[in-house]
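Asker: Sequence:
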Amino acid sequence: MKYNGVIQRKIERIAENTRRLRSLLPVTCDRLVSDFFLQGGIERTLQVSVEAMIDIANRVGSLENQPPASESYQALRMLQDLGVLKDADRYRDMIRFRNFMVHRYEHIDPEIIVAILANHLGDFDDFIKEIESYAG
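5 is the number of the first residue of the sequence shown in my numbering; add one for each residue after it.
Take every hint as true, because none was put in to throw you off.
Here are the simulated EDC-like cross-link-like pairs (lysine to aspartate or glutamate), alpha carbons at most 20 Å apart as the crow flies:
#	residue 1	residue 2
1	Lys90	Asp127
2	Lys133	Asp85
3	Lys133	Asp93
4	Lys90	Glu136
5	Lys133	Asp91
6	Lys90	Asp59
7	Lys90	Asp130
8	Lys133	Glu16
9	Lys90	Asp129
10	Lys133	Glu55
11	Lys133	Asp59
12	Lys133	Asp97
13	Lys133	Glu68
14	Lys90	Glu134
15	Lys133	Glu20
16	Lys90	Glu68
Keep in mind that the hints were calculated from the coordinates and are not lab data. Note that this is a predicted model, so its numbers are computed, not measured.
Work out the full structure: start from the sequences and follow the hints.
Answerer: This is the structure we're talking about:
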């Protein structure tokens, strides 16, 4: 399956966001607490990246004539069922974090953000690789 320009642009957005987040490393909790706009910018960048993943999943599903997913995580499960992703569960916490940021935005623990930046930016890279590998 060859993906379309919309999917490619979303892949590029995720890759660029990940590159920009890496350019901030190392990030500490103290640095986030003392810089409101840095924390907010990182949160927004992570949110947009996860939303792009969800959009990609829904678009691939549509191109494969699948019905729309009723929940964000189900879109990723659909990709696993289609053989696009090896393990949708690997990305489940990303969806949960995005949902938390969107719906419980009044307080995001800076330690969680630091942990994501230090340990999970590669998850975005792996998602892109899986999509591109499937698209051929």
